[in-house]
Every structure is written in C-alpha cells, then in structure tokens.
Amino acid sequence: MKTYDSIQHVRGESKFVDDLFNPEGLLYGYVYYSSIAHGKIVSINLKKALKYAGVRGVFTAEDIPGENQIGGIVPDEVLLAGSKVDFIGQPIALVVADTKLAAKSASKLIDCKIEEYPAVFDPRIACEKGELIIPPRIFSLGDVNNAWSQCEYIVEGKTETGGQEHLYIETQGAVAIPVEGGGIKIYSSTQNPTAVQKVSARILNVPMHKIEVDVPRLGGGFGGKEDQATAWAALAALAASKLQRPVKIILPRQEDMRLTGKRNPYSSDFKIGLNKEGMILAYEVTFYQNAGAAADLSPAILDRTLFHCTNSYYIPNVKATAYSCRTNLLPNTAFRGFGGPQGMFVIESAINRAAEVMGISAHEIQRKNLLKEGDEFPYGQRTEHCRAIRCFEEAEQRYDFKMRKNYVEQFNQENKLVKKGITVMPVCFGISFTTTFMNQASALVHVYTDGSVRISTAAVEMGQGVNAKISVIASKVFSIDISRIKIDSTNTTRIANTSPTAASKGADLNGYAAMKACELILERLKKTACNELKFDDPKKVEIREEHIFYDGNRTPLTWNKLIQAAYLRRVSLSAHAHHATTDIYFDKEKAKGKPFAYHVYGTAIIEATVDCLRGTYKIDSVKVVHDFGSSLHSVVDRGQAEGAIVQGIGWMTIEEVMFDGKGKLMTDALSTYKVPDIQSAPKDMEVHFLEDAANPFGPFNSKAIGEPPLMYGIGAFFAIRNAMKAFRPERQFDFVAPITNERVLLTLYPAERFSGMKPDLAIDDVKTPAALVY
Amino acid sequence: MKKKITFICNDENISIEINPALTVLDYLRDNKRLTGTKEGCREGDCGACTVIVGRLNGKRIVYQTINSCLLPIADLNGKHLVSIEGLNLDGLNIIQEQMVDEGGTQCGFCTPGFIISMTNYFINHSEYDPEKAALALDGNICRCTGYLGIRRAIQNVIAYLNSIPRKNSNQTDFLMKAQILPEYFSSIPKRLKTLSKEIQYDKPTEKKIKPRYVVSGGTDLFVQKWESLLESNVRFISGNEALKEIRKEGNTIFIGGAVTISEFENSPLIRKHLPEVTKYLNLFGSQPIRNRATIAGNIVNASPIADMTNILLALSANLNLTTNKKKRSLPLNEFYLGYKTLNKKEKEIIENISIEIPSKEHYFNYERISRRTYLDIASVNTAALIKSDGKRIIDISISAGGVAPIPLYLKSTCNFFKGKEINSDLVDEAAHYALSEISPISDARGSAEYKSLLLKQLLKAHFIKLFPQLIEVEVLV
Ligand SMILES: Cc1cc2nc3c(=O)[nH]c(=O)nc-3n(C[C@H](O)[C@H](O)[C@H](O)COP(=O)(O)OP(=O)(O)OC[C@H]3O[C@@H](n4cnc5c(N)ncnc54)[C@H](O)[C@@H]3O)c2cc1C
Ligand code: FES
Ligand code: FES
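Chains as they are written, first to last, in our numbering: chain S, 1184 to 1957; chain Y, 2 to 478.
Keep in mind the hints are simulated off the structure, nothing from the lab.
Note that the coordinates shown come from a computational prediction; the quantities given were computed from them, not determined experimentally.
Some hints here could point you the wrong way.
For each label pair, taking beta carbons as the anchor points, the in silico distance ranges come out as [said to hold, decoys possible]: (1) L1703/S with K226/Y: 43 to 51 Å; (2) L1233/S with K133/Y: 54 to 62 Å; (3) G1208/S with N14/Y: 30 to 38 Å; (4) N1736/S with K133/Y: 42 to 50 Å; (5) E347/Y with M1849/S: 50 to 58 Å; (6) K1234/S with E277/Y: 56 to 64 Å; (7) E1728/S with K178/Y: 35 to 43 Å; (8) Y214/Y with G1208/S: 54 to 62 Å; (9) Y214/Y with A1236/S: 21 to 29 Å; (10) E1207/S with I200/Y: 55 to 63 Å.
Built from N, CA and C at the ideal position, the CB exists for glycine as well.
Here chain S stands alone, though its shape is the one from the complex:
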C-alpha cells in the first residue's frame, strides 16, 4: 500500500520546515545560551553584537511583552534567562540577522557575565538536598513489609540507565511570519502544535486566536519535539513580532544537541523477594529520575516509570517510590517509551540478579511470573485480553529457544575469546496518555466534488505513519481507493486544542476521530443515495469499492456520482468530529484507577556475541512475537517495530550521553554521539505478528505500536551481559547501561585497571591538552 508521504520522501519532494519556502525579507535567528551550569546573570552587554553587519535585533528576557514562561506541567521554565541560569545550554538571547552566518558570528560578541553558583548533576544528591520537581510518587500493591518473611530469596541491588539523545535527523526549527492585526503564523517542527500556539500567545501577550501553527511533517520526533520544539517557535514568533519580518530558526546540529533535553537518566535501587519455586512475592523499588533543571514532562515520565515498574509480570506485593530530581542539566524530556523503559530495566535487572543468586536462569523466573488474565497491576487496573503468556510461549516455540540456548552454551564451550549470550525480553506496555484528559482528538474531513478527500486531524506525521493509517481508516469507512485521500498538515486553525502526538496514541485517537467524521458524511451520503435511487432505507445502502450497493445489489451509482449528487442536493460534504477515550480514569492521590485503554504485549529473544579480548560486541539476532492487534498497515507497523527495537538497542549499547564535570555536554555532535548504523543494527531480525489478536479498543481492532517495541532493546543489555558472564563466570557484574565497549572491557578486566600504568599517568594528572579535536 503506497502512501502519499513515502512517495514524496523517496523523490526528495517532501517539504520539511526548512524546505517550505523563503518568504521575502526572511531573517535568521541564532540562540545565544549559557555556558555556565548554575549562576546569577550579572550583566548582559549586547552592544557589539548589535553593531555587527547584518544584525537586525538581539532579544533578551526584557523584550518579552507577555509572560516569560514556557513550562507545561509545572510553570518553572523561562524562555530566555534573565536573572539566573540553571543549566548549560539555557537560552539567554536571540540574535536575528540577514544571514545565518551573521547571526552566529554576532552571537559570539555578546558579553554575558555570570556569577557561578555550585551546581548539582547527580539525582541522588539532588534528592538528598530536597531538590524535587514534584513531591515523591508512590505506587503500591499488597504489602511488601509482610511479604519479605515469606520469601526464600531476597536480593537487593542498584541500577543505572543513561540518557539518550533523540537524534531526529531533522533538527529543531520554526519559521514565524507576521500577519495582519498583530498575528503570527508559525511553521514549526513540533509534535505539539497547541503548546507552540499557547506558549507563543503567552510570550507575546496576545489571545491564542492570533497565533496559527502549522506543522507540515517532522523529520523524526521520538518525543524530542513534544515539549522541546516550543521554545524555538516562540523565539521566532517573538522576533517576528518585534521586527515585523519573517524569522527562521533552524538549530544547527551542535546547538540542537546542546540546547535540548534528552531521555531522563535514572539511578534506582531494587529489592526483590522470591519463593523457592521462583515466584516473585515482593518487589520494592526506588527510582531517582534525573529531571534536569526544569519539570518539562518529567513528572508524567516519572508516572509512567511507576506504571511499568513490574513490566510483564504479576507481583502481588509491590512498593515503588519515585523521585523527580532537579539537577543543573538540560531539562530532560519525553523519549519513546516515556519512562517505561527505565522502569522495566530495573525489574529485569532484579530478576537477573535473583537468578544468579538462585543459580537458575532468568528465563525461568520470567516465565513463571508472567501476567495472566485478570491480574492486577500496582495501579489497580486488571489485565483484559492478556497476551503475555501467549507471546512468550509462541516466541519460545517459533524461534526454538531451547535449541538456541543449547547452541549458545556449546559455542561458549568451544570458544575461549569469543562468547555468546542469549536472553528473553517480554514487554507489556499500557496505551493511553496517563493524564486522562489528554485522551482526546478531533478530525475535519472534506470530500470535494471530484470525489477526492482531504483530512485534517490533531496528529502530526513524523515518520510513524499516522497519515497512512488515517488514510486506511478513511478508505475503509468510505470504501474508496486510498489514492483519493490526502492527509493535510496539522494546523491549529483547522483542528483546535490538540493533544500532542505522543504516547503511541496518535493513530488511535485521531483515527477514531477521523472515523467518526467520515461516518457522519457517510450517513449523509447513504441518505442521498436513497434519494437518488428512490429507495427508503439508508441502512441498506453500502459502498463497496467505490460502488453503491442497496440491499446487497449493485446500483448504477458510483462514489463519484454519489458525491456529485450530494453536492447538487446541497448536502454537506464536510464533517468535524471529536473523540475521547471512554472508560479510563486515574486517581493521582490514591495512585489507583484504570489509566489505560488496553495493553500491548510481546516477547523478544535476543542473541549477542562478545569479543572478550577487545571488549566489542555484536547483536546477532532479535526474534519477536508482537501483539499488533489487527494491523491497520503492516508496512508501517513492521517498520515501527523494527525502528523502535534498534533505537532501544542503541540506548542500551552504544548511545552514551556524557557531560564533563562542569555540566557541559561532551557528546554534542554525531561524531561523538553514535546511534546505530546499518552495520551495527542487527541484520537478523524477525517480527512475527501475533495472530487472532483483535483489539476491541482500537480503530478496526488495531493496536498502538510506536513505543512498546523499543523495550525489546533492553534484552540486548542482558544478552551481552550473559556472554560476559560466560567469559568470567566467577565475577559479579553490575547493571549499568549503556553497556558500551568501554564498560565491557573495564568490567572484564577490572584487576588490570592501572596496573602497569605509572602513577603519574593516572587520569587526573594527564598533562596533554584538554581538547583533542578532530
């Protein structure tokens, strides 16, 4: 099924924000930002920058006519720092000039004096100091305190997961164009057009109706453009409004990396209790989330960590505590999985540690504790149409897990320097925004007199194929060829009050809204058909592949003729519809409710090979059975699964966000922050669509797909770790991700650290230049 977007993509004809057009008088903005992690702004001198050739204006906090506030969940983040800076990369000024180059060069002439304060980067230290974004959150089920006494094994440990750079290939950007009456039209690369509209209106002190936001499409988002696209659009709007000229801001890659938040790193403690048989009886976990300097979406991310702290397992006694810790780093933000992966990593670590202590395989514990129908999650919801065991068992059989495991064991006996590891990774992920009110969307459908259809929804197309899926839905409702359907850009004047395209919910919510709008038109068309054909029961009218049937018989009417007839009969060929997920709720105080419309299940089997001499590794294969529901578009769904898995593997393995001791990002370019390439991504990947898996809660029985498969990537960590264990069976390994080459080698050869190295060559004393640049 070829869809409009992908056809444009392969021809290089898709227009992204930077491609759209260059309106007359276009100016370019460059963001000047803090190079100090925490401090007081003593003075800002713009004189020299303003005099630089081609500069049209330099704007600071003082120039903001409205409220200098961009925080979404918590109002704790300014657009431009005026008095105080809280992280390196915090915007202080916007330089606007005739060319990109002039804007950038002029920014170097800004003289900003900052008095440095002590800074905190470690979430545990921030927590100790009481630097919390929101009060601690606790989810509990049963009673852990009573349960420990029944446990044969109680195992404790600590885990760390690192950040992750979104690395959408299209960097952040926006173009703002002044329009009449003090309004601004903004083209933005955002997952959240309404946030851009709302914040820009707040910054400019105008009503929202004066701001129009249009999103053509995104060159990747992954959560990184949910909250963090807003600032650049608002800055462009500010400058456009001040100068009454169009202003474009496209962040160069290095600035994009330095100025935008990433996946939240977590540091966590676990305690897990099991009985002799390996049933998990109790689980206590404490999460320290590194939120960075502002709330951004971290509170909601924190909640999802708690929602998924038991992954795909039923545990009768759970206590999960989570702290969102304020540090002097970039405000971290949404990233595919939204806290879920961070939570799941800890339970998987706990199971692996328990297995080591018990002398059994983690697989045995995983298998015994999978969710069954009707089991209760720590947040009170019970499983419905639970497919955890089905997916797990089908993966074991389909991919012959036993045989693979034997093969790995045999390989390890035969090879000294190279070892293999295998692991199973089940996933259960809840679908819905956990903030209930956000589960709404609307759609606007126009049928034109030639029979072509144009649809607007709240969904932003960013590669996840939401346009393709909505086209499929509309073509199914109308039973017309998909080529008749065009999905429009996302625009706040056509669709108001949009929820962000996030939480894997884009196609569900907007698909339903589009379905409803199409159905409204279809009802009218059925009546029209009756009028045309002189029949009386619209219920008996049906469209089958563009032909109109009545009571099962084909009539002379076709889609085109019917549309013409409707128009001539003055029947409305447009409809707007709203959809809200019913039957979900969540009591934040009690931390109980039914927050999810449904859950997605699946299991992956992952194999890895480690070169134990050099500390390098390869992910050999990923074999998955995944519950897609009844897939709306198999090419899109398969692609989402494959892409998410590779992204998850990247997070666990080679992707490492590093800061220096001053809080400066060290990995601020593609040359130092590495994401999987075609060679490192596993070649041998199979994704099997679980059969007979209709989902009554999704459009045409489909299921959401964006996020859940990312968490299969967690298996890569344990596969590598298992291979390492085969090389050093006597050693205890920690649970620190990403498991980079460096970490592998230093773990395999800990005794060798510094041996043979002269004492004066220890890290701190090295007297070579600090910046070895390439």
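Given chain S, work out where chain Y with the ligands should sit, using these hints.
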C-alpha cells in the same frame, strides 16, 4: 573572492561566479532551492546531504558519492553533480518503489541520501551483492527504520535487476534501460567534454595572494572551520593531477599528496604490494568520506587517532615535502612535535609519501576499536609491522593512536621486543611495558583508564592474530 565554476547540475549546464568555498549543500538548498538534499549535521556524519559527483575519465564518467556539506563548489569544476531531483522520473524508479514498499522510509529526512547512495552503488557495479550494497550505505544514518526495510529494498532491487536480460551494454545504459537513471545521463560525457574546455584550473605557481588555507578533501577543514573558509582566500588542491599519482620505483611506493583513501584502497599497485593494508580501509570514515579524504590531509591534520597516519607510522613511511623552491624528506615519525604542532613550514605541502614495500618475512596487522565499528573515530588504534622468521622478532614497528598528544610510534616497546622469541609471556610483558610510553586523556571516546587497557589488549591482539601457533591465549586474558 568569487571564482567562475562550470559544471552540470543534474540536467542543467551551469557556469557561475561564486565563492569557491561555498559548500555544495548550501548551493543546492539556498541558491538552487533544490531541497531534497538535507542538512543533518554538517560534519559528514549523517549522509542526509549525500550527492553523486561524476568526473570524466576518458570517454566514461566515474561517479562517486560525496557529502555535499563538506564539498566546496570549487571542486565541482568540470563535474556532473547529481542530487535526488536529478534521479526522478515521472513515476517511482525501482529503488524508490522498493524503499516505499518495504518500509525503507519513515520520516523521510534521511531517505534522499539513502536513495542517492544506493543508486551510486548500482551505477558502479554490474554484479550485485546485498552485503556490499549495504556497505555502500555506511555513510547514511537513519534514526527511524532500523535499516531492515532498507536491506529488504536492496535485496528486491537486486533480484529485479538480475531478472532483466542485459546485453553488453555499459552499466549506465543498462540502468537507463531499467528505468533507474533518467535518459539525460547518456548526454553527460559529451557535455562534460565540451564544458571542460571552458574551464581554467588554478595553477599553483600563479598564486599571488598567499592563501590562508590549503584545502584538499576538506573533510577536516570543512568540519572545523567552514565559516572561516567562506571568508578567506583558499587554495584547493584536490584537483591537482600532479599530486594524484601512485607509483613504484624499485622497492618504494610513492603516494601523491592529493591521493584519497578510495584511490589508495582501489589502486592495483597498492592492492598488489600492500594487500594487508587495504583490508582495513573500509573502517575509515564512510564511502563518501573516503572518496574525499586524502592521506596527506590525514597526516597534516595531526589527529593522534588518525587511521592512515598510524598505519603509515608502522610502515615507517617518509614524507616528501616541497615549497616549490625547496624539497626535503623526513620520516613520518619525526613529523609530530606536539599536539597539532608539526615539523613543517607553513608553505610546505606534502608532495608525496613514500613507503618501502614489506618483504615476505613481514607480518602486518591493524587493530582499531571505536564505539561503533563503522563511521566512527577510533578510541584507540594500533598498527604493527613485524619482521620475523616465524619464531623470533627480527624487527618490529608499532604505532599507537589515541593514547598521546600525537600519533605515537612506540619506540621503546619496539626496542623491548626486538630480537626476542615470540611467546605469550613476552607479549604480556611488552603490553604492560607499552603503558609507560603513553599518556592518554579522558574524552568522549573513552576514559584514560579504558584507553590504556584497550591498547594493552590490542597489542596482544596483534600477536594472537599474526602468530596464533605461538600464543596461549589463556596467559593473555
Ligand atoms: C565523517 C568523518 C569521518 C572521518 N573518519 C575518519 C576515520 O575513520 N579515520 C581517520 O583517520 N580520519 C577520519 N576523518 C578525518 C578526515 O577524513 C581525515 O583526516 C582526512 O584524511 C583528511 O584529509 P582531507 O584531504 O579531507 O583534509 P583537509 O580537510 O583538506 O585538510 C586537512 C589538513 O591537511 C592539510 N593538507 C591537506 N593536504 C595537504 C598536502 N598535500 N600537503 C600539506 N598539507 C595538506 C590542510 O591544509 C589541512 O590543514 C573523518 C572525517 C569525517 C568528516
Ligand atoms: S549534513 Fe550530515 S553528512 Fe552532510
Ligand atoms: S526515515 Fe527518518 S531518519 Fe530515516
């Protein structure tokens, strides 16, 4: 500072007065408003900006992929520039169609770059291998698809092309017949020939204003200082045929000062006499980077971790420098005085690099570990050239990159090894010993601790690989 540049952009003959340091990426996007070529990083690391550049070679055109973000428009003189727009036919071609059908595109931002690289693979091969085709995409990053869809697309395109009967037509004609290349490609050789008559190339001797920069492949300079290049007087030497030669005199090979990694890798002379060396070169940058990056540039850029430099150190290469007035030679290992400080006068350029061809008794190995295997700068690298009778070390030279302010020749370690019998204990001892010669620092490519350990491991790896029968691995791990 403007210069006249004459070339063909897709199907259009172009002759313009323009800043020669303007990147082709900016030219396409800003001047031509051809926006299918994307900017994703401006440092050669994402491939969203990949274009194909063809140059006349006799009657044929040789096409290569290049990162347009690092390519000065000066180097388009007399060339054929192909962007994604220049590949489009009325409908989708088979590569485009398969990318759509197999889910090889999602957000689409990386996609034109992938299509460009895939097309170039098919232009340059008449027998297809899916693995090699995937290697041709080593310069392209996709954050969405996980690459599986792209691999499936490649396979399907290969199956399709193999199903078309082909007569003895050349590959370009064949691809036109297969509706992969537009018809206008057949007119390019003639048009380029005509164009090339109009072009005036710089003659280095005629330069009156002293250039601030000498740009060769530009893969270092355009990453580090593209803004400054736009505002400076620049001398471009990559088109200088005199510096392009690879030749053999007696037992010595001379590699010209503008020879690229690709030219070196594919040179029959090099393949014959230094086969062990070429084996590792696909780990250098990416295909489009290797098409531009020069060996001399690698040496002069003086990065301590530079791959070719460390290989050449182990091969005891000599540099032959010239100022047009004066020539001199010096061993590469005397070229580096400190971090990015060279034993080189400002005006000197590397005319060529000479290497003695190793004998049958020489064993060569190269080890290089990076966070990601392909298109990533190494954390530590080391090359070893060992002369041995199969038991003893007669002579040895080992380099170590990423562990000192300069590409390091491990002089004392080599002395330590010399004359000794090869066994596990010796290697273990020497690997420890090497640590006294190095001074790594912690950076994004690894902690000092890791780099020390890694070098030790890699020194062991040289011997495990070259003399497996003499080494007991248990002793070494
Ligand atoms: C994405 C990417 C990946 C890379 N990967 C690798 C890698 O894996 N391994 C690696 O080693 N390097 C890598 N590099 C670095 C770079 O490609 C090499 O250093 C390359 O060899 C430089 O050659 P050039 O011709 O492009 O140099 P240029 O940028 O043109 O010049 C570099 C310096 O050399 C000088 N110079 C060039 N030629 C001469 C000459 N004949 N005489 C005197 N001076 C001269 C220039 O004046 C300049 O100072 C990578 C670069 C990029 C952008
Ligand atoms: S823009 Fe990324 S390689 Fe050129
Ligand atoms: S399709 Fe989005 S980066 Fe490749």
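Checklist line | Outcome of range test on Cβ distance (K1234/S, E277/Y; 56 to 64 Å) | finding: For E277/Y against K1234/S, whose Cβ atoms are near 59 Å apart, the range 56 to 64 Å holds.
Check: Does the Cβ distance between Y214/Y and A1236/S fall inside 21 to 29 Å?
Finding: The hinted range 21 to 29 Å holds for Y214/Y and A1236/S, with Cβ atoms some 22 Å apart.
Margin query: Looking only at beta-carbon atoms, does the pair G1208/S, N14/Y fall within the given range of 30 to 38 Å?
Written below: Given about 32 Å between the Cβ atoms, the range holds.
Item checked: Consistency of beta-carbon spacing, K178/Y to E1728/S, with hint 35 to 43 Å -> Distance hint for E1728/S, K178/Y holds at roughly 36 Å.
Checklist line | Distance restraint evaluation - L1703/S, K226/Y, Cβ atoms, bounds 43 to 51 Å | finding: Violated: the Cβ-Cβ distance is about 60 Å, outside 43 to 51 Å.
Checklist line | Cβ distance range 54 to 62 Å for Y214/Y and G1208/S, holds or violated | finding: violated (34 Å)
Notebook entry, point to check: So does E347/Y sit 50 to 58 Å from M1849/S, Cβ to Cβ?
Noted result: violated (32 Å)
Notebook entry, point to check: Regarding E1207/S and I200/Y, is the given constraint of 55 to 63 Å on their beta-carbon distance met?
Noted result: violated (35 Å)
Notebook entry, point to check: Falls inside 54 to 62 Å, the C-beta gap from L1233/S to K133/Y?
Noted result: holds (55 Å)
Note to self: A range of 42 to 50 Å was offered for this pair. Does it hold for the Cβ distance of N1736/S and K133/Y?
What the structure shows: Check failed, 58 Å falls outside 42 to 50 Å.
When held up to the earlier numbered hints, the structure conflicts with 1, 4, 5, 8, 10 and fits the remainder.
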